[in-house]
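Student: The chain contents come next:
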Amino acid sequence: MADILEVKHLKKYFDVSAGTLHAVDDLNFHIEEGTTLGVVGESGCGKSTLGRVLIHLLESTDGQILYKGEDITRVNSKRLTQLRHDMQIIFQDPFASLNPRMTIYQTIAEPMQIAGGYSKQQINENVYKMMDTVGLARRLANAYPHELDGGRRQRIGIARALVMDPKFVVCDEPVSALDVSIQAQIINLLLDIQEERKITYVFITHDLMVVKYISDKIMVMYLGQMVEFADNDELFAAPTHPYTQALLSAVPQPDIHKKTERIIMKGEIKSPIDPGPGCRFAARCPYAKDICRQESPALRETKPGHIVACHFAGEL
Amino acid sequence: MDEKKNILSIKDLSVHYFTVDMGECHAVNHVSFDLGEGETLGLVGETGAGKTTIALSILGLLQSPPGRILNGEIFYKGEDLLKKSEAKMREIRGEEIAMVFQDPMTALNPVDRVGDQIAEMIYLHQKVSRAEAMEKAAEMLELVGISRDRYREFPHQFSGGMKQRVIIAMALSCSPKILLADEPTTALDVTIQAQVLDMMNELKKNLGTSVILITHDLGVVAQMCNRVAIVYAGEIVEIGTVEDIFDHTGHPYTKGLFTSLPGYDDTSKRLKPIQGLMPDPANLPPHCKFAPRCEHCCEMCEQRTPEFTEVSPGHFVRCHLAEK
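Taken in sequence, the protein lines are chains A and B.
Numbering-wise, the numbering used here puts 142 at position 141 of the first sequence, and it's gapless, one number per residue.
Numbering-wise, the numbering used here puts 120 at position 118 of the second sequence, and it's gapless, one number per residue.
Chain A with its partners taken away, still in its complex shape:
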């Protein structure tokens, strides 16, 4: 299938008092229509910033985002409003992302009111249809967010994002704040909706089991950079970057017989403010050699479709 989104040399820097924070640093990738790209990484790796830049909630510093061939990094506000029909985001925290003074009905209807061009009746129809789709009882239409639990609130966030029938949705940790049994309900819902509407997802999460379950392709980020990009099965079968290997081995498995050899990494993620030359993972990498501290590794394709940024990719 055709690519719905292509990202070229995308950068997002923030100026902070201590210097320049490289939140997203030179990313290149593309997403096929109707598939899910999983973005994984630890806190501070820039994955949420990436999600926001992709749908133009944050202006990028440099680079291009081609949505169906059109560069959307420098569009005017009128075009941006139009793009919002197609591109939406589901936020992480169902407790903070909803306006406490708006009823569920108002929250779900608001995107259509802002976009304009919908009659009252259409809005009414769409809101109730959407509430049915995400499994919110219609009697809750006039309830306020504080009356509902986390799972239901996340359903509102999903309904609000999908009510205008977008083609491209960024899901920023949509299930992280939820209990496992509720988390499974929401993941199933997202997959059902994708199948029905052929939506493309960028699924941002730190939970590797969730990403493995939901994604077609996976990108692993470390300090603003892509360190590995591969098909889902390939990444879990043959993780090539030392960071990916450590990340996968660190996930506690709910299985008492599978004793996995865990790679315990030393130290913690270093600061993304003015990172010097060299591989950003070198300080924690058990295999780091001199070259790693001096030169940034280029992205290499070790197998078709499997891209790794490591000087020693394939040798470890």
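Derived from the structure by calculation, the hints contain no laboratory data.
Worth double-checking, as some hints may not be accurate.
[To be verified] Subject to a maximum C-alpha distance of 27 Å in a straight line, what follows is the list of computed DSS-like cross-link-like pairs (lysine-lysine): (1) Lys274/B x Lys259/A; (2) Lys79/B x Lys13/B; (3) Lys267/A x Lys138/B; (4) Lys274/B x Lys213/A; (5) Lys12/A x Lys69/A; (6) Lys130/A x Lys274/B; (7) Lys274/B x Lys199/A; (8) Lys259/A x Lys218/A; (9) Lys138/B x Lys207/B; (10) Lys69/A x Lys218/A; (11) Lys218/A x Lys274/B; (12) Lys259/A x Lys206/B; (13) Lys213/A x Lys257/B; (14) Lys259/A x Lys207/B; (15) Lys271/A x Lys290/A; (16) Lys86/B x Lys7/B; (17) Lys257/B x Lys259/A; (18) Lys13/B x Lys85/B; (19) Lys12/A x Lys271/A; (20) Lys13/B x Lys206/B; (21) Lys7/B x Lys207/B; (22) Lys267/A x Lys207/B; (23) Lys218/A x Lys304/A; (24) Lys206/B x Lys267/A.
Starting from the known structure of chain A, fit chain B onto it as the hints suggest.
Tutor: Using the frame of chain A, we list chain B on its own:
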């Protein structure tokens, strides 16, 4: 399972919260369990199951009002902690039984030096001079893998993983017999979580501390615990060794927790969540608390409260299906 001495024994504990807007919340209902010496017991359940309330009751930290312990006994060294005076409890807290709280970002005092916060704990509980307490605090920092040069730094200069280590150092500084760890790694990234869990296992081995680990993550349980208690709506619905729980799962709720996990069953393309929501603690189902969400629910479940049945030695399940 070898018979070990129990260090802590909870018998028939019930805690209710009396609130104005929600009425009487049945947070903990007739909970009993034992903690063996040197053992790690996992308390597993979802938000609102009553796990933290159990821990707070053990320490006598339950806020009252709105909380009230209706009945029950908590035996530690043969004495009922619930009958002790506040002054006695203050001696026990920290020295005998210590707690690690969930959120490392808010558990430390932001305007006090990290090392001094540990030293304060030692100074209060042990007959040492301030200088000795400070020296011991510096040693504790090193024990959890933080350089003693950082003694004089403030919490904001530490990352989340390091703050959690400081809190663990603080909890262990008086070599407590029991450590209550309430979701100690939930707020941390997986690689940092791996470091902290590893360290906790190491310290536990060296110090011989018994641990009650409160968590919702079955992966962490598999890695850390000897025994597991599954808590649902304020009740223990299943308790047993990790092998019992993982290999011979008895209660439908426990099964639901497993099938909800992505990656648990690689063959299925769809997760099997537990239907519905946790019941309102102010308005619990009269008999089996899980019945409204249970796919095996039958007439009996709505008419009679299930017994806590011992399906194999030491493995108890609260379900009618297990009785047969």
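Student: Indicate, hint by hint, whether the structure satisfies it.
Tutor: Each hint tested on the structure:
no.: 1; hint: Lys274/B x Lys259/A; result: holds (22 Å)
no.: 2; hint: Lys79/B x Lys13/B; result: holds (14 Å)
no.: 3; hint: Lys267/A x Lys138/B; result: holds (25 Å)
no.: 4; hint: Lys274/B x Lys213/A; result: holds (16 Å)
no.: 5; hint: Lys12/A x Lys69/A; result: holds (20 Å)
no.: 6; hint: Lys130/A x Lys274/B; result: holds (25 Å)
no.: 7; hint: Lys274/B x Lys199/A; result: holds (23 Å)
no.: 8; hint: Lys259/A x Lys218/A; result: holds (26 Å)
no.: 9; hint: Lys138/B x Lys207/B; result: holds (20 Å)
no.: 10; hint: Lys69/A x Lys218/A; result: holds (19 Å)
no.: 11; hint: Lys218/A x Lys274/B; result: holds (23 Å)
no.: 12; hint: Lys259/A x Lys206/B; result: holds (22 Å)
no.: 13; hint: Lys213/A x Lys257/B; result: holds (21 Å)
no.: 14; hint: Lys259/A x Lys207/B; result: holds (22 Å)
no.: 15; hint: Lys271/A x Lys290/A; result: holds (18 Å)
no.: 16; hint: Lys86/B x Lys7/B; result: holds (22 Å)
no.: 17; hint: Lys257/B x Lys259/A; result: holds (19 Å)
no.: 18; hint: Lys13/B x Lys85/B; result: holds (14 Å)
no.: 19; hint: Lys12/A x Lys271/A; result: holds (19 Å)
no.: 20; hint: Lys13/B x Lys206/B; result: holds (26 Å)
no.: 21; hint: Lys7/B x Lys207/B; result: holds (17 Å)
no.: 22; hint: Lys267/A x Lys207/B; result: holds (21 Å)
no.: 23; hint: Lys218/A x Lys304/A; result: holds (14 Å)
no.: 24; hint: Lys206/B x Lys267/A; result: holds (21 Å)
When the structure is compared with the earlier hints, no violation turns up for any of them.
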